[in-house]
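Please build the complete structure, drawing on both the sequences and the hints.
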Amino acid sequence: GAVVSQHPSRVICKSGTSVKIECRSLDFQATTMFWYRQFPKQSLMLMATSNEGSKATYEQGVEKDKFLINHASLTLSTLTVTSAHPEDSSFYICSASPPGAPRSYEQYFGPGTRLTVT
Amino acid sequence: ILNVEQSPQSLHVQEGDSTNFTCSFPSSNFYALHWYRWETAKSPEALFVMTLNGDEKKKGRISATLNTKEGYSYLYIKGSQPEDSATYLCAFKFGNAGYSTLTFGKGTMLLVSP
Numbered sequence: 002g003a004v005v006s007q008h009p010s011r012v013i014c015k016s017g018t019s020v021k022i023e024c025r026s027l028d029f030q031a032t033t034m035f036w037y038r039q040f041p042k043q044s045l046m047l048m049a050t051s052n053e054g055s056k057a058t059y060e061q062g063v064e065k066d067k068f069l070i071n072h073a074s075l076t077l078s079t080l081t082v083t084s085a086h087p088e089d090s091s092f093y094i095c096s097a098s099p100p101g102a103p104r105s106y107e108q109y110f111g112p113g114t115r116l117t118v119t
Numbered sequence: 138i139l140n141v142e143q144s145p146q147s148l149h150v151q152e153g154d155s156t157n158f159t160c161s162f163p164s165s166n167f168y169a170l171h172w173y174r175w176e177t178a179k180s181p182e183a184l185f186v187m188t189l190n191g192d193e194k195k196k197g198r199i200s201a202t203l204n205t206k207e208g209y210s211y212l213y214i215k216g217s218q219p220e221d222s223a224t225y226l227c228a229f230k231f232g233n234a235g236y237s238t239l240t241f242g243k244g245t246m247l248l249v250s251p
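For the record, the sequence lines run as chains A and B. In terms of the working numbering, the first sequence opens at residue 2 and continues consecutively. In terms of the working numbering, the second sequence opens at residue 138 and continues consecutively.
Please note that a few of the clues may not be correct.
Said to hold, decoys possible - Computed cross-link-like contacts, DSS-like style, restricted to lysine-lysine with a CA-CA straight-line distance of at most 30 Å:
#, chain 1, residue 1, chain 2, residue 2
1, B, K195, A, K65
2, A, K42, B, K215
3, A, K65, B, K243
4, B, K243, B, K194
5, A, K21, B, K206
6, A, K56, A, K15
7, A, K15, B, K194
8, B, K179, A, K65
9, A, K42, B, K195
10, A, K67, B, K195
11, B, K179, A, K15
12, A, K67, B, K215
13, B, K243, A, K21
14, A, K56, B, K206
FYI, nobody ran anything at the bench for these hints, they're computed from the structure.
Now the structure itself:
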């Protein structure tokens, strides 16, 4: 099956600093990748849809200037949490699917990144 | 706001027990229903993508059914094994592939004791 990697798996940073998380599709090309966030005991919530070569589409309530998304190639999307605050501490996870996938397509997920802001 | 509900929230069974979980979703404008298994420290693994009312899918000891008219899906595990311990997520997709994304439930956490 298709593999999506994510790096780092865990990061601790100080309040006010920025953190970059990478999401890579290892054995397929992904024109679209998705970024989710999960708070404790909550469901995965979509933050934004990352489109290769164009601007990301953000969900309502997600600050695009705070969560910068770059999808520079067909295998790499990055999420940068700028000026991180303790309330940004969460589990961030990305997913992707091959282009032109049919209705029954699966989304392939990375293993996620645990961000702790102190 | 789309609401996807999963029950129970958690479940503890003995090895060999059979079990099932429920996923409820809006019955209108249905497109697809996804089931994932998510083990700790690993990537969520896709189990099934279900698109047609009445669909039944099976992978080994795990099977799933779909009722789009009433808005629910059941996931069954026959003869649970300790390696089945994981969180099982369902996710709903409405509309069509180009214009909607996955909305997840909170998951059912399954623990299978030897």
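Hint by hint, work out which the structure violates, then give me just those numbers in ascending order.
Hint check: 1, 5, 7, 10, 12, 14 fail, others pass.
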